[in-house]
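Based on the hints, put chain F in the right spot on chain C.
The listed protein sequences derive, respectively, from chains C and F. If you're matching positions, the first sequence starts at 1 in this note's numbering and goes up one per residue. If you're matching positions, the second sequence starts at 111 in this note's numbering and goes up one per residue.
Please keep in mind that the hints were generated in silico from the structure rather than gathered at the bench. Hints may contain errors.
[Stated by the list, open to error] Looking from chain C toward chain F, a few residues come up when the C-beta cut is under 8 Å (computed):
# : residue
1 : Ser24
2 : Ile44
3 : Pro47
4 : Arg50
5 : Lys53
6 : Arg74
7 : Ile75
8 : Thr89
C-beta: ideal position from N, C-alpha, C; glycine also.
Read off the chains here:
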Amino acid sequence: MKILTRVEEFILLAVMHLKDDAYSLPIQKKISEISGENWSLGTIYAPLERLEKKKYLESYLSETTPERGGRQKRIYRVTRDGIKKLKKTQEAHNQMWEDISEPELKVKRT
Amino acid sequence: MKSKKKISPPKAANWILSGFFSISERELIISDLEEQFIELAGNLGKNKAALWYWDQVFKAVKGRLFNKFLWSFEMIRNYMKIAVRNILKNKAYSLINISGLALGLASCVLVMLYIDYEKSTDEFHKNFDTIFRIDRKELSKNGWKPWVDVSGQTGEWMAQDYPEIRAFTRVKSLPFYNFKVSFRNNYIKESLIEAVDPSYFDIFTFPMIRGSKETALAEPNSVLMTEDFAQRLFNKEEPMGKIITISSEQEDRVIEYDLKVTGILENIPENSHSSVTLVVPLEFAERVYFENGVENDFYGSNGFVTYVLLNEHRSGVQLENKMDDFVSRRFGEDKVGIKVFTLKHLGKIYSFGTTEYKMTMFSIIALIILMVACINYMNLSTARSFSRAREIGIRKVVGAGKLQLIVQFIGEAIVFAFIGLAAAYILAQVLLPVFNVILQKNISITFENTSGILLQTIIMAMAAGIISGIYPAVFLSNFKPVKALKGNLKIERKRFSFRNILVVFQYSVSIFFIISSLVMNKQFNFFTTKELGFNTDNILVVKLDSAKPLDFMENLKSGLVSDREIESVSYATSIPYESFRRLPKDPRLNVKNFLARAYGVPIIYCDSDYLRILGIDIENGSDFSPGEPSNNYGSLVINNAALYLLGENDPIIPGRQINLKIEENRFRDFIVQGITGDIYFTVRYFDVEPVLFSIASPGQKINYNYILVKTRTGITDEAAAMVNRTISEISPEAVFECSFFDEEVNATYKRDSRWKQIFGIISGIALFITSLGMIGMSTYSCEQRISEVGIRKVLGGTVPGIIGLLSRQFLLLVATANVIAIPLSIFYMRNYLNSFAYQTNIGIETIATGIFISIILTLFTIFIQITRAAFSDPVKTLRYE
Numbered sequence: 001m002k003i004l005t006r007v008e009e010f011i012l013l014a015v016m017h018l019k020d021d022a023y024s025l026p027i028q029k030k031i032s033e034i035s036g037e038n039w040s041l042g043t044i045y046a047p048l049e050r051l052e053k054k055k056y057l058e059s060y061l062s063e064t065t066p067e068r069g070g071r072q073k074r075i076y077r078v079t080r081d082g083i084k085k086l087k088k089t090q091e092a093h094n095q096m097w098e099d100i101s102e103p104e105l106k107v108k109r110t
Numbered sequence: 111m112k113s114k115k116k117i118s119p120p121k122a123a124n125w126i127l128s129g130f131f132s133i134s135e136r137e138l139i140i141s142d143l144e145e146q147f148i149e150l151a152g153n154l155g156k157n158k159a160a161l162w163y164w165d166q167v168f169k170a171v172k173g174r175l176f177n178k179f180l181w182s183f184e185m186i187r188n189y190m191k192i193a194v195r196n197i198l199k200n201k202a203y204s205l206i207n208i209s210g211l212a213l214g215l216a217s218c219v220l221v222m223l224y225i226d227y228e229k230s231t232d233e234f235h236k237n238f239d240t241i242f243r244i245d246r247k248e249l250s251k252n253g254w255k256p257w258v259d260v261s262g263q264t265g266e267w268m269a270q271d272y273p274e275i276r277a278f279t280r281v282k283s284l285p286f287y288n289f290k291v292s293f294r295n296n297y298i299k300e301s302l303i304e305a306v307d308p309s310y311f312d313i314f315t316f317p318m319i320r321g322s323k324e325t326a327l328a329e330p331n332s333v334l335m336t337e338d339f340a341q342r343l344f345n346k347e348e349p350m351g352k353i354i355t356i357s358s359e360q361e362d363r364v365i366e367y368d369l370k371v372t373g374i375l376e377n378i379p380e381n382s383h384s385s386v387t388l389v390v391p392l393e394f395a396e397r398v399y400f401e402n403g404v405e406n407d408f409y410g411s412n413g414f415v416t417y418v419l420l421n422e423h424r425s426g427v428q429l430e431n432k433m434d435d436f437v438s439r440r441f442g443e444d445k446v447g448i449k450v451f452t453l454k455h456l457g458k459i460y461s462f463g464t465t466e467y468k469m470t471m472f473s474i475i476a477l478i479i480l481m482v483a484c485i486n487y488m489n490l491s492t493a494r495s496f497s498r499a500r501e502i503g504i505r506k507v508v509g510a511g512k513l514q515l516i517v518q519f520i521g522e523a524i525v526f527a528f529i530g531l532a533a534a535y536i537l538a539q540v541l542l543p544v545f546n547v548i549l550q551k552n553i554s555i556t557f558e559n560t561s562g563i564l565l566q567t568i569i570m571a572m573a574a575g576i577i578s579g580i581y582p583a584v585f586l587s588n589f590k591p592v593k594a595l596k597g598n599l600k601i602e603r604k605r606f607s608f609r610n611i612l613v614v615f616q617y618s619v620s621i622f623f624i625i626s627s628l629v630m631n632k633q634f635n636f637f638t639t640k641e642l643g644f645n646t647d648n649i650l651v652v653k654l655d656s657a658k659p660l661d662f663m664e665n666l667k668s669g670l671v672s673d674r675e676i677e678s679v680s681y682a683t684s685i686p687y688e689s690f691r692r693l694p695k696d697p698r699l700n701v702k703n704f705l706a707r708a709y710g711v712p713i714i715y716c717d718s719d720y721l722r723i724l725g726i727d728i729e730n731g732s733d734f735s736p737g738e739p740s741n742n743y744g745s746l747v748i749n750n751a752a753l754y755l756l757g758e759n760d761p762i763i764p765g766r767q768i769n770l771k772i773e774e775n776r777f778r779d780f781i782v783q784g785i786t787g788d789i790y791f792t793v794r795y796f797d798v799e800p801v802l803f804s805i806a807s808p809g810q811k812i813n814y815n816y817i818l819v820k821t822r823t824g825i826t827d828e829a830a831a832m833v834n835r836t837i838s839e840i841s842p843e844a845v846f847e848c849s850f851f852d853e854e855v856n857a858t859y860k861r862d863s864r865w866k867q868i869f870g871i872i873s874g875i876a877l878f879i880t881s882l883g884m885i886g887m888s889t890y891s892c893e894q895r896i897s898e899v900g901i902r903k904v905l906g907g908t909v910p911g912i913i914g915l916l917s918r919q920f921l922l923l924v925a926t927a928n929v930i931a932i933p934l935s936i937f938y939m940r941n942y943l944n945s946f947a948y949q950t951n952i953g954i955e956t957i958a959t960g961i962f963i964s965i966i967l968t969l970f971t972i973f974i975q976i977t978r979a980a981f982s983d984p985v986k987t988l989r990y991e
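Next comes chain C alone, as it looks inside the complex (with noise of 0.2 Å):
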């Protein structure tokens, strides 16, 4: 069973923070936010399509909004797939972190 790529995953959880804003243009600023990279536009639409297809996201058309010049925006959400995936996910970082102590992360110097 596959895990989610580290993309998917920032994907995936930032449309689960965003709830009912979760378009395009918030996913990429929360992810840049969080990453603390610019991450362009382009390289979250790639991703979110591949979810849509494989059926983790959702989505639908809004209605249209006088700030985006009269035009819809695709609103995403996660499906239960989503989350069941994510949680795998999940649980898959907590095992390889698992016994790992603090004091072995310290970075030394050689």
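Here is chain F on its own, set in the frame of chain C:
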């Protein structure tokens, strides 16, 4: 948002974006970008935000383009790579294909150059679109005869009757065939002087260097000449207003006219259908005709080439429909259906020796040759398809569709065709001089005319590529990938496969051309060597520049005869194939020959040695008596064709006295002394023309132009030099030309030999391409059957047996081709021969030679491959199975 003014991203950028994305995609992307843009604009300012926006759009579009085109481009690059690799991998096959296509395309390029040259003949005239020539057809016993001239009134009447005609002009040549144009001591020999209406220069816009079109033909003795001609006649002197003299020597007098130069024309482009050098007004021609009694009714007789200028191009067709009406009104009801006028547009009038028929023939032949080359490609690529089977299998497995494969293989054929086209241009450049000599044209490959035909040739190469590629493409793309990859793809041999049909077609074409050119050759030889009726060997012809009287000739003759190398000498007013003095038309004479009826019966005044030197046998009666000329005065020798001159039921016998009209209103009695066999003194398109030979008394004041010198041994350049020397010693002032008689006679038939040469070359090319294909096919076939040969040898097959077995299939194809081509060529050659009055038969030997050449050549081309296969070591060949 933050700013009160509404900020929006650059419209142009959005417009570009919308061009690359579908509506649903576009909405989202633009809205995302816009939102970000507005935010950025708030932070960084509008300009920077716009810059950013453009950058985003650019990136998006770039990605799109990459996906859309780069992959298809990659694919094409891959096809090209495979094509080039294939060309390089199978060098022999590629060479066969490319050289075949190059030859085929080179033929097309040459024909296109030729047609382009002919089509552009008279385009320089401003009125090109609306100039038409009035042509005439008359029904006679032998069917319709076309003429390019009409009577003098026709143009005038037509212009009166039809308002569509804005102007007309008539062109008539003066009745001199060889004349001198002289200015002071300088003179030029010319053969054509044309008389025209003043409107000539309104209709045809020949640029004039000196003089104006309004005044140039105003006076009856004006003359215009081309720049070149003026240069030759006047050197650097001013030509305008100078008086020049035109003089024509008849046998017993000299006609002379003075003309005043009133204009100089720019040189006429050489592919113009009009070949004017000297132009005079029609009034002058009328005077010349009248004063020399050539025709009584000047404007009533034919001989006027008439052009009309119409108001618009399409009036030409409309006017033609009214011509029956015109004939009945102007020529009488009884002429309707016998006399037909047609209008020919200037663009359809080609330079000398070219007809629409000939151009169509050339085009068809070039296309057939190209087709033969395309067939080579088809056959070789399908025959070799097994070597591509793996590639096709892999492509199909990886996901190539059938259509993609078809495109790939057609593309490959087009690559071949274009390499062929490049080679064809080089070949055409090399072959052009030969082509020009055969056609008697001066076509060159220049930037202008090649750019004119470049597009056509590219289309032609494309078409050739598609035609030759489509069959292999469909054939190859049909392979089943599983079988193809397993490598046990065997192409079954069918007796009547499409490939065999194509080979039969190629051979049929070649055999057809071979037999045709053999028949043409035979007819030509029949024409030139066999039935002349006189001998041309060891005879030198001396043409005097001006005709000389009897005593001068006698003096020259005795001087020449004293030379030991010279057997005999004769002088005469004419020799075969030169122009003749002709008796005026005489209603009492029964003349059937076309030429003699049109121009009068030819009469040659000569001395008593003339017939003997030419080796003309007297069949009935006797030759002129040698020695004292006075014994022969008033006696006549006639040829066989003149036998019924006095009437159908009244053959002339030796000793008979006949009365002939020797000039207008002058008659003389002659006694027929001898009758010769059939001798052709004039061109042999028609039946034998009657010719009369007579020895003139000094009182007749006949002047002579020609001397025939028969040498003892073969004539050489030294003999000619000696004759030259002797004549110069005897009469230093004489101007003359000396030539070999047989060469002179052969030159007369040069034009007829052109078709023969062209067909010879064509059959050579067709045969060459076909043989190339055959080499390829036999190579392939032997490769395919090598293990069969091995097994046969192991089981006791002999080498000759195997050679026979392998060649059988090819010989069968050639035999089939013969069966198809022979009836076809017999049919067409019958038609060809029927165009000659004196024709040879096709002959069994011609057809046998055709069969022989095709079979021997086939055996020769397949021989190497087949013997190699037959002698192959079964141990080696069978090991692979």
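Each hint, compared with the structure:
Taking 8 Å as the C-beta cut-off, the interface hint given for C/Ser24 holds, the closest approach to chain F being about 5 Å. A distance limit of 8 Å between C-beta atoms decides the matter here; for C/Ile44 the minimum to chain F is near 10 Å, and the interface restraint is violated. With 8 Å as the threshold, the beta carbon of C/Pro47 stays out of range of chain F, its nearest partner Cβ sitting at about 15 Å, so the hint is violated. Evaluation of the C/Arg50 hint against chain F yields a violated restraint, the C-beta minimum of about 16 Å exceeding 8 Å.
Against a cut-off of 8 Å between C-beta atoms, the interface hint on C/Lys53 is violated, since the closest Cβ of chain F lies about 15 Å away. Hint status for C/Arg74 relative to chain F: holds, with the closest Cβ pair at about 6 Å, below 8 Å. At about 11 Å, the closest approach between the beta carbon of C/Ile75 and any beta carbon in chain F exceeds 8 Å, and the interface hint on this residue is violated. The interface hint given for C/Thr89 is violated, since its Cβ lies 27 Å from the closest Cβ of chain F, which is over the 8 Å cut-off.
Violation of the numbered hints given earlier is confined to hints 2, 3, 4, 5, 7 and 8; the remaining hints are satisfied by the structure.
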